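Got two chains here, each in a separate frame; can you build the complex from them with the hints?
One letter stands for each residue in the lines below.
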Amino acid sequence: DTAVSQTPKYLVTQMGNDKSIKCEQNLGHDTMYWYKQDSKKFLKIMFSYNNKELIINETVPNRFSPKSPDKAHLNLHINSLELGDSAVYFCASSPGPAQLSSSTDTQYFGPGTRLTVL
Amino acid sequence: GIQVEQSPPDLILQEGANSTLRCNFSDSVNNLQWFHQNPWGQLINLFYIPSGTKQNGRLSATTVATERYSLLYISSSQTTDSGVYFCAVNGGTDSWGKLQFGAGTQVVVTP
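Protein chains in written order, with our numbering: chain A, 1 to 118; chain B, 1 to 111.
Keep in mind the hints are simulated off the structure, nothing from the lab. Every value quoted in this text rests on a predicted model; they were computed, and no experiment measured them. Be a bit skeptical, because a hint or two may be false.
[Claimed, not checked] Distance ranges between label pairs, derived from CB positions:
no.: 1; chain 1: A; residue 1: Lys67; chain 2: B; residue 2: Ser26; range: 29 to 35 Å
no.: 2; chain 1: A; residue 1: Glu58; chain 2: B; residue 2: Glu15; range: 37 to 43 Å
no.: 3; chain 1: A; residue 1: Lys41; chain 2: B; residue 2: Thr110; range: 19 to 25 Å
no.: 4; chain 1: B; residue 1: Gln55; chain 2: A; residue 2: Asn57; range: 33 to 39 Å
no.: 5; chain 1: B; residue 1: Thr20; chain 2: A; residue 2: Lys41; range: 41 to 47 Å
Note that CB positions come from ideal geometry on N, CA and C, so glycine has one too.
With the rest of the complex left out, here is chain B (with noise of 0.2 Å):
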């Protein structure tokens, strides 16, 4: 199946700092999401986006499809934004629908 790798594994900001996640993926996409884990264990939708570049307020993303990794952005980070960072992808080979998950970024906003 399709291969997802995500860098990096950890990462602690300050307060109000920017950053840049990564996802690399092994084959073509039918289908990428970005997911935020909070704390209390829910994941969150952040984008679907299989191709192109897209923006939810501080956070955007970008996935070049044709290289084969994908970008998520987040600026002036808060707290609030702490927790694992998933990138998920249906591809390849993989029946319709199979989303192979990253292992995630751990992200740690500090005040």
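Pulled out of the complex, with its shape left as it was, chain A reads as follows (with noise of 0.2 Å):
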């Protein structure tokens, strides 16, 4: 019954290491996003999806692509992971603009994945 989840919930890995977060919601939404929260809690944004099309893409260094197979879905893969790269990793998604006639645009947000580069 979750609404947005995330697989998985805490990655330990190596400098250096590939590695994908997975990300999923149930809501009917059409828009998704990735957020980063740091070490001192302050959480930014990464990128958002729109019906599988991209429409935000902050600064962020290019080993970081996302992909989304479908609107309900929107995966982070990260390469050649770095120890700057350790952080709380959030997904969430919002109705978005088509539906915003009939809802209000609440950005409902996923567990976190915690990611630990070793």
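Set out below in structure tokens:
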């Protein structure tokens, strides 16, 4: 019944490895997001997709690549992991502009994935 | 992009006390949300409130969009209210959907 789910919950890996985090939402939303929370708890948006189309692409190293196979899924692939990538990554979803006449544009967040790079 | 400032940065309350958290923002907003991040790290939606007043149990929020601030009220605080409270906004010249988060207010409620 989880609205926005992420896997894995914890990810511990070595520098230089490639890893992926998966996100799924069952809310019927059109828009999904990735946010990064650093060690000081500051949250910052990374990417957003609306109906599988990239609409927000913040200043993020190109080692980070989002992929949306369908509007219910948004995955984050990270190449050549660095120590500074250690953080909690949150996925979120919202109805999106096409649905705003019938809903508010509330963003709902997943449980987060804690990534530790050693 | 739109700037968001939250105050106070830290708050220690005794159980049963009331408190007010403030969020100031620098431009007109399309979206304003309050979140509670509990000690387990989960981000819980409290309110979607780009304008007006809402109440949910012991929590209420008011946004005065023309004066560019929002307030979150916690009444009769409980230990389960501990955690970080974030205000997040979308507006100004930022792309639709891009939430800018404040730095948060760390709340500790003691028994």
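Hints and how they fare:
| no. | hint | in the structure |
| --- | --- | --- |
| 1 | A/Lys67 / B/Ser26: 29 to 35 Å | holds, 34 Å |
| 2 | A/Glu58 / B/Glu15: 37 to 43 Å | holds, 40 Å |
| 3 | A/Lys41 / B/Thr110: 19 to 25 Å | holds, 21 Å |
| 4 | B/Gln55 / A/Asn57: 33 to 39 Å | holds, 38 Å |
| 5 | B/Thr20 / A/Lys41: 41 to 47 Å | violated, 21 Å |
Taken one by one, the earlier hints fail for this structure only at number 5.
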